[in-house]
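Those protein sequence lines, which keep their order, are chains A and B. Here my numbering is used: the first residue of the first sequence is 116, the next is one more, and so on. Here my numbering is used: the first residue of the second sequence is 53, the next is one more, and so on.
Simulated from the structure, these hints should not be mistaken for laboratory data. There may be inaccurate statements among the hints.
[As the list claims (entries may be wrong)] Dumping the calculated BS3-like pairs for lysine-lysine here, alpha-carbon to alpha-carbon at most 25 Å:
no., chain 1, residue 1, chain 2, residue 2
1, B, 120, B, 94
2, B, 152, A, 180
3, A, 122, B, 152
4, B, 94, A, 122
5, B, 152, B, 110
[Stated by the list, open to error] To give a feel for the contact side, a few chain A residues facing chain B, derived at Cβ under 7 Å:
no., residue
6, 154
7, 157
8, 158
9, 160
10, 181
Glycine included, C-beta positions come from ideal geometry on N, C-alpha and C.
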Amino acid sequence: SAVISQKPSRDICQRGTSLTIQCQVDSQVTMMFWYRQQPGQSLTLIATANQGSEATYESGFVIDKFPISRPNLTFSTLTVSNMSPEDSSIYLCSVGDSSIHYGYTFGSGTRLTVV
Amino acid sequence: AQSVTQLDSHVSVSEGTPVLLRCNYSSSYSPSLFWYVQHPNKGLQLLLKYTSAATLVKGINGFEAEFKKSETSFHLTKPSAHMSDAAEYFCVVSAAAGNKLTFGGGTRVLVKP
């Protein structure tokens, strides 16, 4: 299965600032996703990162707050903009393949604390 | 549309006794189903997956799950719990290959010595 490198692993940020999270995969993958895991909660899908086109956002998430880039089949970034303490969460990158035989792989996550 | 319900938010077992984590799903299509485990301050690890092959699926670390279409269930079991099984477990559904995942609320497993 694919190996994901996600950076940074954690950060503490001031409210009103932005943080960009990077997701690098060691092979070309069809599907890339970004999830949020709020403290003590399950994972919620933010958006699907589409190569060469705008990301597809889930209900409750908007591009102005969570802009996503995917310039190629191995790399994506998620930016958390104009942060508030409510954005404190773990953000995870995930990749999948149309064959699904190896399931979905997740990055180790970015633990974000907004103060 | 798809959804997942994990029937227990917390499960407590004694080491060496069986573990049962219950999961019910809803999907408009023939689903793919997964169980993931998340140890404290660790990433998500795939335990096992069902993708329309055998209904009894064996995974890593002695876990297995049975897909029951008539009951729309995908319960996770292990015959004998180990201290290292203490973690959060997520049941996950996907409507199609490469499609987005929907997570259940999670079940936190506590293993007592």
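So, going through the hints one by one against the coordinates:
no. : hint             : in the structure
1   : B:120 with B:94  : violated, 30 Å
2   : B:152 with A:180 : holds, 21 Å
3   : A:122 with B:152 : holds, 22 Å
4   : B:94 with A:122  : holds, 15 Å
5   : B:152 with B:110 : holds, 23 Å
6   : 154              : violated, 12 Å
7   : 157              : holds, 5 Å
8   : 158              : holds, 5 Å
9   : 160              : holds, 5 Å
10  : 181              : violated, 15 Å
Checked against the numbered hints given earlier, this structure breaks hints 1, 6, 10; the rest are met.
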